[in-house]
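> One-letter residues, chain by chain:
2 protein chains.
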Amino acid sequence: MVFSSALIENAVNEFSRLPGIGKKTALRLVLHLLKQEPSQVQQFSDAIARMREQIRFCKDCHNVSDEETCSICSSHSRNRKVVCVVESIRDVMAIENTQQFNGLYHVLGGIISPLDGVGPDQLNIHSLVERTQQQGIEEVIMALNPTIEGDTTIYYLSRKLKELPVKITTIARGIAFGGELEYADEMTLARSISNRLPLESYVQQK
Amino acid sequence: MVFSSALIENAVNEFSRLPGIGKKTALRLVLHLLKQEPSQVQQFSDAIARMREQIRFCKDCHNVSDEETCSICSSHSRNRKVVCVVESIRDVMAIENTQQFNGLYHVLGGIISPLDGVGPDQLNIHSLVERTQQQGIEEVIMALNPTIEGDTTIYYLSRKLKELPVKITTIARGIAFGGELEYADEMTLARSISNRLPLESYVQQK
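Residue numbers (UniProt numbering), protein chains in the order written: chain B, 1 to 206; chain F, 1 to 206.
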């Protein structure tokens, strides 16, 4: 692509380093910003720089936070005895969006994946064990993706926690709402049958 | 969407104001930036702020420029007697990418479109007439999109320029390379027949 301005070329290059944004999209975004008020563009640029510079990670749950302790961990209306273990902050957001969980979180920062060179030491596992012990946590919910790596991580964590007086649960696997039996993989279908629920509890959930 | 950090929420909101970027994509981009080095994110943010703040528009052709006069207008290797009139800087880039045009440009900044409230006064038309007169331009090529508005603008410009000793041309309309006759609209097909070329010139161009 030929640019007559180094300023624009530079901005396009920076945009196109973002995932899923190619040169053409980057150019479209830059030309859009060029049409905006300078103050608005400054606001955009500031929001991004400030976010990266000032963001912190909660000392308890490793979720992103504006303070030393995140808003979830410091909330008084949440059940401090239940901790939901997730892979990333994105999962925290997904579960928070359901508004169905009132406990705390623990962000591992990844899952155990030897192929990608991620071992237990790179994850926030030590702090989970410590926290479970010191804060008298009664239930740890494993909310990891149902993959080989997810299951490995669950297995590893459950062994680390097995000496402690804590109940370990995993999120339910099954046929998703709107999903079709016919197209579900065998594993999911098999699990959804072996973990079948009494009708009353299904009706209650509805 | 529920955010546990105002910094992130803010950055996501700013990203999602860009065209074609929804909340989910914005979140994906923000989480990506969060994983980058702070210095890299600063560089991204700086490139955008600097671009909007320092960008200038060429005093001759209204193309984007880092200086008072753009690199095309100030180049000594270009044919200063031919000016190609385009709607936007994006069109300048498209034509520059072909590396087939060696003249100068004139960016109108839009086209005449009464429905959108764009009249001749909002466009860089006066400066085109002035420039044609003062700089002894010999040919003005109308490279506008083949729409009703484009044709209206061409007609308006040609009337404005008709007193001056300048040749007015338009880019060729026809069947695009790789296009299929069968699917071409009637207007294009009709024009491509009435503007047919002798075979020699077609072979030359190949």
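Treat each hint with caution, since some may be false.
[Stated by the list, open to error] Partner residues aside, some chain F positions facing chain B, computed with beta carbon under 7 Å:
#1 Ala6
#2 Ile8
#3 Ser16
#4 Ile48
#5 Met51
#6 Arg52
#7 Glu53
#8 Glu67
#9 Glu68
#10 Ile95
#11 Gln100
#12 Ile148
#13 Gly150
#14 Ile154
#15 Asp185
None of these hints come from the bench; they were simulated from the model.
Please read these numbers as outputs of a predicted model, since none were measured by experiment.
We treat Cβ as the ideally placed atom computed from N, Cα and C, and that holds for glycine.
> If a hint holds in the structure, say so; if it does not, say that too.
So, going through the hints one by one against the coordinates:
A cut of 7 Å between beta carbons decides the hint on alanine 6 (chain F): the least distance to chain B is about 6 Å, and the hint holds. For isoleucine 8 (chain F), the interface hint holds, the least distance from its beta-carbon to any beta-carbon of chain B being 6 Å, beneath 7 Å. Residue-level restraint check for serine 16 (chain F) is violated (minimum Cβ-Cβ distance to chain B is 11 Å; threshold 7 Å). Residue-level restraint check for isoleucine 48 (chain F) holds (minimum Cβ-Cβ distance to chain B is 5 Å; threshold 7 Å).
The interface hint given for methionine 51 (chain F) is met, as the beta carbon of that residue sits about 4 Å from the closest beta carbon of chain B, less than 7 Å. Checking arginine 52 (chain F) against chain B by beta carbon gives a least distance of about 4 Å; that is within 7 Å, so the hint holds. Here the hint on glutamate 53 (chain F) is kept, as its CB sits about 6 Å from the closest CB of chain B, short of 7 Å. At its closest, the beta carbon of glutamate 67 (chain F) sits 9 Å from a beta carbon of chain B; the interface hint therefore is violated under the 7 Å criterion.
Because the smallest distance between the Cβ of glutamate 68 (chain F) and any Cβ of chain B comes to about 13 Å, over 7 Å, the interface hint for this residue is violated. Residue-level restraint check for isoleucine 95 (chain F) is violated (minimum Cβ-Cβ distance to chain B is 9 Å; threshold 7 Å). Contact between glutamine 100 (chain F) and chain B, as hinted, is not supported at the beta carbon level, the nearest pair being about 12 Å apart and thus beyond 7 Å. The criterion of a C-beta within 7 Å of any C-beta in chain B is not met by isoleucine 148 (chain F), whose closest approach is roughly 23 Å, and the hint is violated.
For glycine 150 (chain F), the interface hint is violated, the least distance from its beta-carbon to any beta-carbon of chain B being 19 Å, above 7 Å. A least Cβ separation of about 23 Å between isoleucine 154 (chain F) and chain B goes past the 7 Å threshold, and the interface hint is therefore violated. At about 25 Å, the closest approach between the beta carbon of aspartate 185 (chain F) and any beta carbon in chain B exceeds 7 Å, and the interface hint on this residue is violated.
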